[in-house]
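Enquirer: Please construct the entire structure, taking both the sequences and the accompanying hints into account.
There are 2 protein chains.
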Amino acid sequence: MPLPEKPIPDLERDAGGGLMHRRTFLAGGALAVGASAVAGLPSQASAQGAIGPDQPLWMKTPGAPFRGYGLPSRFEEGVARHILQPYGELSPGAGVSMTPLQAMHGTITPNGLHFNRSHNGVPDIDPDGHKLLIHGLVDRPLMFTMDQLMRYPTVTRTLFIECSGNSFFNSNLFPEAMQVPVGMIHGLVSAAEWTGIPLAILLDEAGIKGEAKWILAEGADAAGMSRSVPIAKCLDDAMIAIYQNGERVRPEQGYPMRLLLPGYEGNMSVKWLRRIKLTDAPTHTKDETSKYTELQPDGKSRQFTYAMDVKSTITRPATGLAMQGPGLYEVTGLAWSGNGSISKVEVSADGGQSWAEAALEGPVLPHALVRFRLPWQWDGGPVVLQSRAHDTAGNIQPNRSDWSRQYAAGQLYHCNAIQSWSIAADGEIKNVYS
Amino acid sequence: MPLPEKPIPDLERDAGGGLMHRRTFLAGGALAVGASAVAGLPSQASAQGAIGPDQPLWMKTPGAPFRGYGLPSRFEEGVARHILQPYGELSPGAGVSMTPLQAMHGTITPNGLHFNRSHNGVPDIDPDGHKLLIHGLVDRPLMFTMDQLMRYPTVTRTLFIECSGNSFFNSNLFPEAMQVPVGMIHGLVSAAEWTGIPLAILLDEAGIKGEAKWILAEGADAAGMSRSVPIAKCLDDAMIAIYQNGERVRPEQGYPMRLLLPGYEGNMSVKWLRRIKLTDAPTHTKDETSKYTELQPDGKSRQFTYAMDVKSTITRPATGLAMQGPGLYEVTGLAWSGNGSISKVEVSADGGQSWAEAALEGPVLPHALVRFRLPWQWDGGPVVLQSRAHDTAGNIQPNRSDWSRQYAAGQLYHCNAIQSWSIAADGEIKNVYS
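Those protein sequences? They're chains A and B, same order as listed.
Take the first sequence: its letters are residues 75 to 508, numbered as in our numbering.
Take the second sequence: its letters are residues 75 to 508, numbered as in our numbering.
Calculated directly from the structure, the hints in this document are not laboratory data.
Just so it is clear, the structure is predicted and the values come from calculations on it, not from any experiment.
Hints may be right or wrong, so weigh each one.
Pairs involving identical chains hold if they fit within one copy or between any two copies, as the list cannot separate such chains.
[As the list claims (entries may be wrong)] 27 Å max Cα-Cα, derived DSS-like pairs, lysine-lysine:
#1 Lys-134 with Lys-360
#2 Lys-365 with Lys-307
#3 Lys-134 with Lys-307
#4 Lys-134 with Lys-365
#5 Lys-307 with Lys-287
#6 Lys-504 with Lys-287
#7 Lys-365 with Lys-287
#8 Lys-283 with Lys-307
Expert: Following this line, the structure appears as structure tokens:
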């Protein structure tokens with residue numbers, strides 16, 4: 075956070091509704107946000123001892139001893155994934171758990187809060203009983219135990235994974251905007267630092283036959299989740315992921331290993347991966363015909379829509395949070411694209427009439443979440459906050475009516491429409507269609 | 075992991091002891107590492123159904139339902155921090171828990187495994203009862219509640235934190251090399267994506283008086299841990315960290331907030347931060363006089379040694395792991411420096427006689443952990459593996475005898491000596507002084 079050499083004028087306006095230039099905060103200038111002046115404190119108070127806030131209980135008694143594996147504070151127990159099980163007790167393992175974005179910051183999702191989509195529960199896989207098979211159109215079918223895989227060369231990348239059905243609460247499934255926390259709307263996206271083995275190395279060892287153009291990837295869960303992937307992606311940046319944020323992949327994310335296809339819809343990064351079969355054509359599995367296709371107004375469905383589209387959402391202020399009254403705020407959120415890198419994020423505080431460019435936190439990595447920020451002076455009146463992301467492939471996040479018009483009623487996949495938050499004079503934050 | 079256009083010759087040697095060029099793996103070329111050829115499998119096996127590995131139990135029964143906050147697989151229960159309590163039951167909250175590097179990969183430390191140093195236990199702080207005071211040589215003493223702080227502008231950075239006492243098992247405290255896992259030797263370093271408020275903004279709001287040259291930072295734990303920090307660092311890149319890898323800072327790392335000084339010895343990034351007092355000189359607290367100073371051979375101690383020195387260690391192969399017999403391996407580890415960025419890491423497989431340059435995983439960020447990798451063909455004979463890091467400030471990691479010579483017997487802080495692992499013909503990996 076190097077301070078700029080030349081101060082930016084205080085409270086410089088960059089767009090309507092009180093949005094300020096993105097470098098305003100960094101220039102300093104006594105922008106009083108929310109601190110309380112302390113009355114009656116000598117500025118030369120003694121260096122040590124009880125000063126200012128009374129010494130609390132936790133300074134007077136020894137704290138807790140060490141533990142092998144840590145957990146969040148008990149005061150954060152309410153920060154948990156949102157769970158949706160559409161079939162209820164009939165099929166408790168079918169559904170999603172969603173990342174609570176309203177309670178989070180930065181760009182990494184801690185492993186305990188990474189979203190999960192499963193079709194028949196999370197398998198309890200003994201890694202000593204798990205093998206990976208590579209077969210089909212190869213010269214030498216190969217079988218790998220975990221121990222054998224652990225000797226292979228590795229790659230580490232920070233990547234988002236987004237469910238194809240993320241943001242379904244704002245899709246054509248819901249004609250009226252639902253009032254749920256931002257994590258329930260957009261929390262089927264998470265990001266982690268993944269480490270694994272480049273798939274290209276394993277395929278090369280098996281020997282790819284000339285007629286092999288696709289793979290079938292199959293999971294070892296009780297749904298046998300499986301998808302077809304073009305061979306070109308497998309030879310580009312696909313990996314067999316074994317570590318997630320430094321530790322072994324979590325059960326909900328595919329323990330002991332998953333396929334990982336940067337930027338592609340999440341279900342293609344097959345979890346609990348047990349085999350890869352090289353084929354000359356897509357296999358048309360149940361998971362790519364009965365779902366994960368997009369119904370269009372003419373009654374035809376789009377299939378094999380891989381890359382997730384350019385997208386962003388403001389996470390603060392957002393539903394699930396409360397305003398603290400008029401004054402200075404930081405507007406911040408996340409942006410991402412399955413087609414390259416984020417090039418720009420704009421923020422509007424007047425429902426899209428004017429836009430100010432947000433600051434992006436570097437390094438801005440391809441297929442990763444990007445945190446954006448902009449200072450905002452809220453005058454206490456009603457406003458509509460929006461963010462709009464651009465990517466290096468030239469795509470711009472569409473507004474909701476333009477997105478909606480592409481699809482039939484009820485179509486929920488690949489929803490990347492601009493999110494609008496209305497803020498009322500009383501501080502209530504609502505999800506609105508704008 | 076884009077494949078290079080021109081293949082590198084297979085098994086190109088880059089240094090003695092079987093080290094290969096860092097791009098060997100990326101060039102492909104059927105480097106058989108550890109897979110098993112599968113006999114009797116038809117290459118055109120049916121697309122779906124039981125093929126290859128028998129369908130395991132976990133494909134035949136529904137998996138576990140969803141949970142709000144996830145945990146590692148029960149098969150990974152052995153992956154836990156190493157706990158050392160030098161005073162035992164007399165003071166169970168004084169000591170360390172160390173990151174188990176031998177079981178990990180990538181560069182991020184998951185929050186459950188981030189190292190912890192505490193002097194009188196981990197306080198159980200109610201954030202509603204916690205305040206931050208800024209006072210001393212300021213124009214306006216200020217007090218912040220958590221709610222007030224949450225409105226301030228934020229910054230996000232991936233940073234390592236290293237305890238000043240890290241690697242004490244290889245320091246002058248132990249004349250003989252100890253046989254413990256690499257996580258017990260070097261696991262007082264961890265890395266996370268931290269999000270917080272630039273300290274400069276809060277100090278600016280309080281108004282820094284001209285004579286203020288230092289701060290005193292004090293924690294709200296039962297040790298009242300406190301350190302002096304030059305004001306220049308506070309105005310440069312210091313932050314008040316509130317989020318760790320996306321979620322609120324863990325209790326062991328300072329919940330609800332900590333000071334964070336990139337690159338400086340860990341104890342200065344005061345946890346459970348309750349007050350910052352601006353002063354005209356260092357306060358000489360108990361934590362910077364009775365410890366965290368380095369005794370030299372002439373009987374004088376160095377004080378206020380802030381930045382952690384350039385350092386690296388191989389984490390695989392390393393103590394705590396076993397070799398699988400002769401053949402191809404990836405040598406990989408971590409490098410870091412408190413003085414800028416890592417510029418180069420070299421690896422030796424002949425005890426330092428010859429060195430090969432390792433590949434660094436990007437982005438290489440200042441004050442972050444960097445993962446390095448190099449392919450290695452082990453012929454099954456005895457070898458000594460070492461790594462040596464260089465930083466952008468021109469520093470080179472010293473060998474152990476050069477490091478040791480700077481200090482008196484028993485001096486344990488700031489040990490950045492080159493780590494040597496001996497590998498015997500039977501595959502045993504040992505810590506050796508070389």
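Enquirer: Now, for every hint given, state plainly whether the structure supports it.
Expert: Taking the hints in turn, this is what the structure says about them:
For the identical chains of this complex, Lys-134 and Lys-360 are inter-copy neighbours only, at 18 Å across copies versus 62 Å inside a copy, given an alpha-carbon limit of 27 Å. For a Cα distance limit of 27 Å, the shortest separation of Lys-365 from Lys-307 inside one copy, 21 Å, qualifies, whereas the shortest one across copies, 55 Å, does not. Taking the shortest alpha-carbon separations for Lys-134 and Lys-307, neither the intra-copy value of 59 Å nor the inter-copy value of 31 Å comes in at or below 27 Å. When the C-alpha separation of Lys-134 and Lys-365 is checked against a cutoff of 27 Å, the pair qualifies only between copies, where the shortest distance is 22 Å, while the shortest distance within a copy is 59 Å.
For the identical chains of this complex, Lys-307 and Lys-287 are intra-copy neighbours only, at 10 Å inside a copy versus 56 Å across copies, given an alpha-carbon limit of 27 Å. In the homo-oligomer, the alpha carbons of Lys-504 and Lys-287 never lie at most 27 Å apart, since the shortest distance is 47 Å inside one protomer and 47 Å across protomers. Taking the shortest alpha-carbon separations for Lys-365 and Lys-287, only the intra-copy value of 23 Å comes in at or below 27 Å, while the best inter-copy value is 64 Å. For the homomeric pair Lys-283 and Lys-307, the shortest alpha-carbon distance inside one copy (16 Å) is at most 27 Å, but the shortest distance between copies (59 Å) is not.
The structure does not agree with the numbered hints 3, 6 stated previously, though it agrees with the rest.
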